[in-house]
Amino acid sequence: MWLILVKLAWRNIFRNKRRTFIAATAIGIGLTALIFIDAFMIGMEDTMIRTATASFLGDAQIHREGFRDEQEASMTIQALDDVTASLAEEASVQHFTHRVLVSGMITSPANVSAINLVGVHPPTEKFLSLIDDAVTEGAYFEGENSRDIVIGAKLAEILEIELGDRVVVTVAQAGTGELSQEMFRISGIYHFADEAMNSGMAFVRIQKAQEMLAIGNNVHEIAIKFTSIAYSQDTTLPFWDTYSQLGNEVLSWTELMSQLTVVLEMTKYTKYIMGVILFGVVIFGIINTLFMSLYERMFEFGVLRAVGTRPFGMARVILFEAGALAIVSIGLGAILGFVLTAVLAHVGIDYTGIEMMGVTMQEFIYPVLEIQQFIIYPIWVFIFTIIAGLYPARYVAKVVPVDAMRRSF
Amino acid sequence: MEQTQQTDVIVTEGVTKVYTADGIPVNALNGIDLTIQSGEFTALVGPSGSGKTTFLNIISGLDSPTEGKVWLAGKVLSEMSGNELSDFRRDNIGFIFQAYNLIPVLTVEENIEYIMLLAGVPKAERHERVLAMLEVVGLKGVADRTPTQLSGGQQQRVAIARAMVSEPAIILADEPTANLDSKTGADLLEMMRHLNAETGMTFIFSTHDPMVMENAQRLITLRDGRIDSDEAK
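Going down the list, the sequences are from chains A and B. So for the first sequence, my numbering puts the first residue at 1; every next one is plus one. So for the second sequence, my numbering puts the first residue at 1; every next one is plus one.
Simulated from the structure, these hints should not be mistaken for lab results. Certain hints may be false.
Capping the alpha-carbon separation at 30 Å, the derived lysine-lysine pairs in BS3-like fashion look like this [unchecked claim]: (1) LYS126/A / LYS154/A; (2) LYS140/B / LYS183/B; (3) LYS7/A / LYS233/B; (4) LYS123/B / LYS7/A; (5) LYS398/A / LYS233/B; (6) LYS271/A / LYS208/A; (7) LYS208/A / LYS126/A; (8) LYS398/A / LYS183/B; (9) LYS140/B / LYS123/B; (10) LYS233/B / LYS69/B; (11) LYS233/B / LYS75/B; (12) LYS17/A / LYS7/A.
Chain A side only, calculated, beta carbon under 8 Å to chain B, not exhaustive [to be verified]: (13) LEU8; (14) ASN12; (15) LYS126; (16) ALA306; (17) VAL307; (18) THR309; (19) GLY353.
Glycine is no exception: its CB is placed at the ideal position from the N, C-alpha and C atoms.
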């Protein structure tokens with residue numbers, strides 16, 4: 001019995017090929033959109049994480065406990081030599097770099113601006129940040145000049161200075177709070193997509209920063225890059241306990257940028273909401289198609305009822321038709337979704353310079369195709385199509401044969 | 001009425017049907033009392049609007065009377081549930097429609113075997129009975145064709161085969177010859193007459209066709225929803 005109903009359904013959906021093609025295309029586009037949105041979201045997440053971690057943050061950071069809240073220059077990392085030696089032996093750590101961080105003032109002949117002064121060790125810093133790549137004028141700490149300073153293009157504009165101009169940086173020394181001033185020469189100007197980095201940061205050699213703050217060889221931050229970014233979310237890794245000792249704390253990027261973690265979590269809900277909206281549209285399309293087909297063949301349904309098909313049998317015919325329509329639509333949608341996403345995964349989508357959820361994109365977004373997109377979403381489409389078929393199926397089940405066959409008996 | 005007699009295949013008692021058209025009640029049937037015995041070859045005649053179609057709808061369980069009762073093969077139709085009525089029609093009534101009403105996406109064989117599928121007849125037996133039935137209606141070799149590949153006369157023969165293949169007690173035919181030329185109509189009528197004689201199935205026609213009226217054993221004339229005359233020939 002099932003077989004004849006399946007045959008009936010399958011052949012019926014091809015009775016009006018044009019209508020079936022249009023309906024299947026509409027449903028298929030819904031599936032395509034879902035596949036693409038999912039792939040895009042994964043690509044966007046990857047890009048956002050990469051942008052957030054690779055620009056400057058790193059996958060994890062070590063600080064003296066409380067430093068992030070206090071921003072006190074004297075709160076340097078405890079037992080730095082031991083920590084550094086240990087990090088050098090860590091199999092999960094690919095690169096790390098020392099940094100000195102302090103708030104200060106930068107003054108040019110024309111203007112003055114508040115900045116976050118960062119003392120960096122250029123040979124290792126290049127593995128942890130993209131400052132060197134972002135330099136558009138001058139150079140990123142070439143040679144040995146300790147008075148080199150690299151600033152953002154926006155800050156240069158505020159200070160009305162150019163490459164080679166002199167500026168004075170003022171900071172408060174650790175412990176005493178005495179003001180310390182040094183003159184620097186602009187050796188490089190970088191341009192980041194992130195406006196905050198462009199206008200509010202300045203980089204000097206770490207030794208000069210340590211000297212200004214009178215903190216000896218101590219540092220405030222160690223930025224770490226793991227061999228795999230997955231380690232940054234692996235809370236079972238002994239790494240986190242090992243380096244959260246001696247008054248220090250180690251935090252992964254997910255904790256350092258907790259707002260980004262929350263935002264990324266929210267993107268999942270965004271995906272579900274978009275899915276529900278898409279399916280909402282698709283469902284009404286399916287119901288409309290099934291009803292058009294149903295009204296066209298109402299007389300046949302009357303005949304099927306008259307010759308003894310039970311109401312549930314009638315409903316099954318419509319549900320099988322909905323299923324057959326879903327199968328055709330899934331085929332179309334999966335092919336279309338694969339082609340569209342694969343092409344864009346290859347060429348990328350240019351989001352550079354666009355700020356999304358607090359992160360300014362530095363690179364193209366490349367949608368990521370995953371096998372589960374071609375399993376889970378088609379199953380969803382199939383289930384939703386069947387659910388959409390329930391209403392017309394119920395309608396057909398309740399058809400009164402004599403009303404359906406009004407033209408004859 | 002307590003019990004129908006064994007040979008009374010259809011019994012109606014005071015069957016009345018009132019439709020409402022634009023808020024105005026229209027009496028389609030006015031208290032029809034009728035008994036049809038098994039094996040009869042009966043024609044229901046009368047002008048358009050006389051109630052033939054409504055009467056066929058009601059005695060087949062496709063519609064329910066406003067008042068009165070219908071016994072079909074000993075069962076009261078109004079006392080059956082939706083599923084019981086479906087099963088009852090499947091097992092006891094064969095329909096032949098004016099416009100053939102074959103399912104266009106099914107082959108001739110699938111159209112004919114559909115009712116047997118509903119009844120759970122095994123595949124081999126279905127196939128055998130379909131082929132035998134096609135031979136009876138003179139359509140050997142067309143089992144794999146679709147209805148659109150057949151002429152009107154051939155389609156009506158398939159419809160007859162579909163109606164008879166499950167060997168129901170009653171065949172209800174609504175203007176079965178109306179869409180056919182006179183030669184094809186005469187051939188089909190002859191065939192149905194022959195099957196009636198051979199199988200003992202009860203045939204009830206609604207018709208305007210004088211040829212059907214001539215061949216009928218019993219002629220019931222309806223007028224304004226009432227039996228105007230009922231003559232055995």
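Do the hints match the structure? See the list:
Restraint check for LYS126/A and LYS154/A: the C-alpha separation of about 22 Å stays at or below 30 Å, so the hint holds. Between LYS140/B and LYS183/B the CA atoms are separated by roughly 20 Å; this keeps the pair inside 30 Å, and the hint holds. Note on LYS7/A and LYS233/B: the hinted pairing is violated, with a Cα-Cα distance of about 47 Å set against a maximum of 30 Å. Using a Cα cut-off of 30 Å, the hinted pair LYS123/B and LYS7/A holds, with the two alpha carbons roughly 16 Å apart.
Taking the CA atoms of LYS398/A and LYS233/B, the gap is about 42 Å. The hint is violated against a cut of 30 Å. In summary, the hint linking LYS271/A to LYS208/A is not supported, as the alpha carbons are separated by about 48 Å, beyond the 30 Å threshold. Restraint check for LYS208/A and LYS126/A: the C-alpha separation of about 18 Å stays at or below 30 Å, so the hint holds. About 40 Å separates the Cα atoms of LYS398/A and LYS183/B, which puts this hinted pair outside 30 Å; it is violated.
Straight-line distance between C-alpha atoms of LYS140/B and LYS123/B comes to about 19 Å, which keeps the hinted pair within the 30 Å bound. Simply put, LYS233/B and LYS69/B have alpha-carbon atoms about 27 Å apart, close enough for the 30 Å limit, and the pair holds. Restraint check for LYS233/B and LYS75/B: satisfied, since their Cα atoms lie roughly 28 Å apart, inside the 30 Å limit. Distance hint between LYS17/A and LYS7/A is fulfilled; the C-alpha atoms sit about 16 Å from each other, no more than 30 Å.
Checking LEU8/A against chain B by beta carbon gives a least distance of about 6 Å; that is within 8 Å, so the hint holds. Here the hint on ASN12/A is kept, as its CB sits about 6 Å from the closest CB of chain B, short of 8 Å. For LYS126/A, the interface hint is violated, the least distance from its beta-carbon to any beta-carbon of chain B being 70 Å, above 8 Å. Taking 8 Å as the C-beta contact cut-off toward chain B, the hint placing ALA306/A at the interface holds, the least distance being around 6 Å.
Because the smallest distance between the Cβ of VAL307/A and any Cβ of chain B comes to about 5 Å, under 8 Å, the interface hint for this residue holds. The closest approach between the C-beta of THR309/A and any C-beta of chain B is roughly 6 Å, which is under the 8 Å cut-off, so the hint is satisfied. Against a cut-off of 8 Å between C-beta atoms, the interface hint on GLY353/A is violated, since the closest Cβ of chain B lies about 57 Å away.
Violated hints, in rising order: 3, 5, 6, 8, 15 and 19; the structure is consistent with all others.
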